[in-house]
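Student: Residue-level listing of the chains:
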Amino acid sequence: MRESAEPNDMMRAIAMGNEDAMMAFYDTYFGLVAGFCRKMIYDRGTADEVIQDVFWQVWRQAGVYDPARAKISTWLLTIARSRVIDRLRRLKRQDWLVVEEHEGSELAETLRSNEVGSAVEANFERHRIRQALQNLPPPQRDVLYRIHFEGRTAKEVADHESVSIGTIKTRLRLGLEKLRKVLEVQADDA
Amino acid sequence: MTHEAIREHLALFAMGGLESDESEAIALHLVSCLQCQRDLGQYQETLGDLDLAMTEPDWAGHQEMRQMFQSRLPNVTPLVETPKASIRTIRRSRGRWGWPAAWAATLLVAFGGWSVAYRAHQEVTQSQRIMAYVTTGRPVSLVSVHAPRAQVDLYLNSSHAVVWVKNLAPLSENQVYEGWWIIKGRPEPAGTFGRGATLLTYPRNATAFAITKEPRGGTKRPTTPILVLGTLQ
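Chain order of the listed sequences is H and F.
No gaps in the numbering here: position 84 of the first sequence is 84 in this note's numbering, and each next residue is one more.
No gaps in the numbering here: position 22 of the second sequence is 1022 in this note's numbering, and each next residue is one more.
Keep in mind that the hints were calculated from the coordinates and are not lab data.
The reader is advised that the hints may include incorrect statements.
[What the hints assert, rightly or not] Sample of chain H residues with no beta-carbon within 12 angstroms of chain F, all distances over it, derived:
# : residue
1 : E6
2 : P137
3 : P138
[Stated by the list, open to error] Sample of chain H residues at the chain F side, in silico, Cβ under 7 angstroms:
# : residue
4 : D86
5 : L88
6 : R130
7 : R173
[Claimed, not checked] Okay, the calculated bits of chain F under chain H, using three or more residues with CB under 8 angstroms as the criterion:
#  : stretch
8  : 1037-1047
9  : 1050-1057
10 : 1215-1227
It should be emphasised that the depicted structure is a prediction, and the values quoted were computed from it without experimental measurement.
Note that beta-carbon positions come from the ideal geometry of N, C-alpha and C, so glycine has one too.
Use the sequences and the hints to build the structure in full.
Tutor: Shown next, in the form of C-alpha cells:
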C-alpha cells in the first residue's frame, strides 16, 4: 500500500528546503511521532527532545527518502525508533526491574494477555494487527516485545532469558515472518 | 559476514536490536545487495504497521514544540545533495559508458595504469561506506554560539563517524578544517577535511568533537579558536 502523491510532494518540497512544507509535515505527523516516543520513553522531557530530533532528521534527510521503498509513516517510525533506541542506550537503561514495573502497562497487557481490550476493538486496523501479534507463540511474542518495544539488544535478551543469542535471533525472525504472512493474508482477504 | 548470515540478522537489524559493529557490517552489505534491501523493506513495513497499531497519537505540547522547531528552521538547511545521489552519479556514469569503460579499465591495468582504476574503485567504495554510515549513524549537530548559521553534522557509528560540513567559515587557500576528538578533556587529531562528507575513525572514549581551521596537512594541537563543537555522550 502506497500513500497518496500529496505526502510525497510534501517530502520533495522539504528536500528542496521549503519551510512551509516542513511545518505542514510537522503538523501532520507530530501526534504519531509524539505518541510513539512518549510510549517508549517514560521521561516526558527526554521524549520531547527525541521528538524534535526526529523532525530535525526529516528536515535534513528528506532527500534520502525513497517513496518506492517505504511509506512515509514507515520511514518516519524507522527514524523515530532509531533515535529512541539511541537515547535509551545512552541512558544505559539496563535495569530489568524498571521494565517489570511497566509490564502492567496497557501495551504490555495487550501483548501478554489473551484478551484484547474493548476500546481497541473499536479500531479494526489496530485490532487486526494486535490480534496477529496475540496469535504468535509466546516465546516469539516475548522476544519481539523485548527487542522492538523495549529497545533491548539480542544479547541483552539472551542473557536475561538464559538462552543463546542464536535462539533469540531465530525466535525473532520466525515471529516477524509469521506476523508478516498473517498481515499479508488478512490484507488480501480484506 | 556472509550473505546468508546477514539475511538471518535482517529482522534484528530492522529493529535496531544488534550491537553496533554488526549493524555496520549489515549496512555496508545492504548498499550493494538488492535482495537484502527488499527483505529489509518488508520487515520495516511490518514493524511500521505494528508501531502504528500500538501508537495512540499524542498532541500534548504540539503548539509550544512547533514554535521552538520553527524558530530554528531558517538556521539549518536540508541536505539537497545526498550521499545517495553522489553514488547514483558514479553508478550512472559507469553504466552509460558500459563496455568502453570496462575496456578502458582493462587497458589501464594492462598498461600500468592500475592505480587510476584502483582509485576509481576506492572512490565508489568510500561513497558507499559514507552512505551506510550516514544512514545508520547517530546524528550529532555541531554548534557555535558565535556562528549560528554554521552547519555541520556528525554521524556516529561504533568505530567510524562521518563529519558533514555544509556551512562553515570559509577557508583560505592554505587552510583545511581539522577535526578534534576530545578525550579525557584533551583534543586528539581526528583528521583534516573540506566541505562535504568525510569518513573518520571514531574513538569510543571521545566525549566531544570540535573543528578548527588549521594549515594544510593539519597539526597535532589546535592553533586557532574552535569553530563548532558537539558533545557525544
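Student: Look at each hint and say if it fits the structure.
Tutor: Evaluation of the provided hints:
Listed as outside the interface, E6(H) is consistent with that label: its C-beta sits roughly 19 angstroms from the nearest C-beta of chain F, beyond the 12 angstroms cut-off. The non-interface label for P137(H) is consistent with chain F: the shortest C-beta to C-beta separation is roughly 16 angstroms, beyond 12 angstroms. Under the 12 angstroms C-beta cut-off, the non-interface status given to P138(H) relative to chain F holds; the minimum distance is some 17 angstroms. The interface hint given for D86(H) holds, since its Cβ lies 5 angstroms from the closest Cβ of chain F, which is under the 7 angstroms cut-off.
Interface hint status for L88(H): violated, as the beta-carbon distance to the closest one in chain F is roughly 10 angstroms, over 7 angstroms. Of the supplied interface hints, the one on R130(H) holds, with its beta-carbon coming within about 6 angstroms of a beta-carbon of chain F, less than 7 angstroms. The beta carbon of R173(H) comes within 5 angstroms of a beta carbon in chain F, closer than 7 angstroms, and the hint placing it at the interface holds. Counting residues of the stretch 1037-1047 of chain F whose C-beta lies closer than 8 angstroms to any C-beta of chain H gives 8; at least three are required, and the coverage claim holds.
Using a Cβ-Cβ cut-off of 8 angstroms, 8 residues of the stretch 1050-1057 of chain F lie near chain H, which meets the minimum of three, so the contact claim holds. Look at the stretch 1215-1227 of chain F against chain H: 0 of its residues bring a Cβ nearer than 8 angstroms to a Cβ of that chain, fewer than three, so the hint is violated.
Comparing the model with each numbered hint stated earlier shows that hints 5, 10 do not hold.
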